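Just so you know, the sequence shown maps onto residues 1 to 138 in my numbering.
Calculated from the structure, these hints are not laboratory results.
Computed from a predicted structure; not experimentally measured.
A virtual CB, placed ideally from N, CA and C, is assigned to each residue, including glycine.
Treat the hints with care, as some may be off.
[What the hints assert, rightly or not] Derived DEER-like restraints, expressed as beta-carbon distance ranges:
#1 Asp-74 x Ser-98: 16 to 22 Å
#2 Gly-32 x Arg-70: 35 to 41 Å
#3 Lys-65 x Asp-33: 27 to 33 Å
[Said to hold, decoys possible] No farther apart than 25 Å at their CA atoms in a straight line, the calculated lysine to any residue pairs in the SDA-like style are these:
#4 Lys-65 x Ser-22
#5 Lys-65 x Ser-98
#6 Lys-65 x Leu-120
#7 Lys-65 x Val-110
#8 Lys-65 x Asp-90
#9 Lys-65 x His-40
#10 Lys-65 x Gln-82
#11 Lys-65 x Gln-19
#12 Lys-65 x Val-20
#13 Lys-65 x Leu-55
#14 Lys-65 x Gln-18
#15 Lys-65 x Ala-36
#16 Lys-65 x Gln-103
#17 Lys-65 x Ala-77
#18 Lys-65 x Ser-93
#19 Lys-65 x Pro-94
#20 Lys-65 x Glu-99
#21 Lys-65 x Arg-108
#22 Lys-65 x Val-21
#23 Lys-65 x Arg-115
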Amino acid sequence: MAILLAGLAGLTLDAPAQQVVSFASHDHSAAGDPVALTGHWFASGSAAAPAALLLHGCGGPYDAKGRLSRRLRDYAALLNAQGYHALVLDSFSPRGESELCTQRSGTRRVTQVQRRLDVLAALQWLAQLWQELQLWAW
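Given these sequences and hints, build the entire structure.
This is the structure:
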């Protein structure tokens with residue numbers, strides 16, 4: 001799982017502990033419309049906290065019952081406990097996919113290029129919440 005950390009200052013949003021958010025990807029559908037992405041926002045206790053962007057693996061972000069996976073909820077809770085906000089991004093559902101693990105590489109219906117465009121959109125969403133954004137990635 002990749003995690004991007006965003007150091008954020010000047011926060012003016014007081015988000016609830018978990019909130020479903022939506023924003024447009026930089027990727028477009030076959031019809032030319034931006035893909036509408038879904039994210040799960042977990043606010044920390046401190047308004048001026050940094051944020052982590054959590055990206056799911058090939059199994060997707062949801063469990064068999066359609067809930068955000070226990071792993072992603074636990075990561076968000078761990079980050080919140082350490083004073084970070086967390087945004088979990090769903091790149092599959094808006095494209096009609098639930099997982100890619102069983103699809104052969106090179107034939108997957110959601111590509112790495114599309115996922116990168118989704119990450120850029122998520123970072124832009126975060127940047128709209130704060131005036132200053134610093135990024136670290138590993």
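Hint check:
{"no.": "1", "hint": "Asp-74 x Ser-98: 16 to 22 Å", "result": "20 Å, holds"}
{"no.": "2", "hint": "Gly-32 x Arg-70: 35 to 41 Å", "result": "37 Å, holds"}
{"no.": "3", "hint": "Lys-65 x Asp-33: 27 to 33 Å", "result": "30 Å, holds"}
{"no.": "4", "hint": "Lys-65 x Ser-22", "result": "21 Å, holds"}
{"no.": "5", "hint": "Lys-65 x Ser-98", "result": "12 Å, holds"}
{"no.": "6", "hint": "Lys-65 x Leu-120", "result": "29 Å, violated"}
{"no.": "7", "hint": "Lys-65 x Val-110", "result": "22 Å, holds"}
{"no.": "8", "hint": "Lys-65 x Asp-90", "result": "16 Å, holds"}
{"no.": "9", "hint": "Lys-65 x His-40", "result": "17 Å, holds"}
{"no.": "10", "hint": "Lys-65 x Gln-82", "result": "29 Å, violated"}
{"no.": "11", "hint": "Lys-65 x Gln-19", "result": "19 Å, holds"}
{"no.": "12", "hint": "Lys-65 x Val-20", "result": "17 Å, holds"}
{"no.": "13", "hint": "Lys-65 x Leu-55", "result": "19 Å, holds"}
{"no.": "14", "hint": "Lys-65 x Gln-18", "result": "18 Å, holds"}
{"no.": "15", "hint": "Lys-65 x Ala-36", "result": "22 Å, holds"}
{"no.": "16", "hint": "Lys-65 x Gln-103", "result": "21 Å, holds"}
{"no.": "17", "hint": "Lys-65 x Ala-77", "result": "20 Å, holds"}
{"no.": "18", "hint": "Lys-65 x Ser-93", "result": "14 Å, holds"}
{"no.": "19", "hint": "Lys-65 x Pro-94", "result": "17 Å, holds"}
{"no.": "20", "hint": "Lys-65 x Glu-99", "result": "14 Å, holds"}
{"no.": "21", "hint": "Lys-65 x Arg-108", "result": "23 Å, holds"}
{"no.": "22", "hint": "Lys-65 x Val-21", "result": "20 Å, holds"}
{"no.": "23", "hint": "Lys-65 x Arg-115", "result": "24 Å, holds"}
Hints 6 and 10 from the earlier list are contradicted by this structure; the remaining hints agree with it.
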